[in-house]
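Letter 79 of the sequence shown, counting from 1, is numbered 83 in the numbering used here, and no numbers are missing.
No lab work stands behind these hints: they were computed from the structure. In this text the structure is predicted, and so the values were computed from the model without any measurement. Be a bit skeptical, because a hint or two may be false.
Pairs of lysine-lysine, DSS-like flavour, derived with a Cα cap of 27 Å [stated by the list, open to error]: (1) LYS93 x LYS15; (2) LYS25 x LYS59; (3) LYS31 x LYS8; (4) LYS31 x LYS68.
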Amino acid sequence: MGQKEKPVFEKRIFWDVDFEKLDYDAKARFVIERVFERGDVQDIRNCRRYYGDEKISEVLLTAKFLPETRMYLAAAVIDKPITEFRCYKLRQSNPELFPY
Numbered sequence: 005m006g007q008k009e010k011p012v013f014e015k016r017i018f019w020d021v022d023f024e025k026l027d028y029d030a031k032a033r034f035v036i037e038r039v040f041e042r043g044d045v046q047d048i049r050n051c052r053r054y055y056g057d058e059k060i061s062e063v064l065l066t067a068k069f070l071p072e073t074r075m076y077l078a079a080a081v082i083d084k085p086i087t088e089f090r091c092y093k094l095r096q097s098n099p100e101l102f103p104y
């Protein structure tokens with residue numbers, strides 16, 4: 005079996021990095037978090053197809069930060085309660101750090 009085909013994401017998601025040189029495997033955590041933070045439905049589908057739900061669940065559950073609306077989206081996508089997310093727990097323990 006050969007190399008998995010690289011997922012196709014909108015370049016705007018990775019506006020601050022060299023998109024062409026992005027290593028999807030070495031930087032899996034960064035890519036998954038960024039896609040769930042800024043991507044649209046198609047980006048998330050491509051991300052799931054490439055990494056698989058197990059890897060995505062592992063990354064999202066341990067992410068330090070996701071915007072609140074995206075946290076709920078991620079919870080629905082991976083079918084886990086919001087209370088299992090590290091970023092949710094951090095937000096609960098330090099509400100003054102998250103004024104939005």
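Cross-check of the supplied hints:
no.	hint	result
1	LYS93 x LYS15	31 Å, violated
2	LYS25 x LYS59	22 Å, holds
3	LYS31 x LYS8	15 Å, holds
4	LYS31 x LYS68	16 Å, holds
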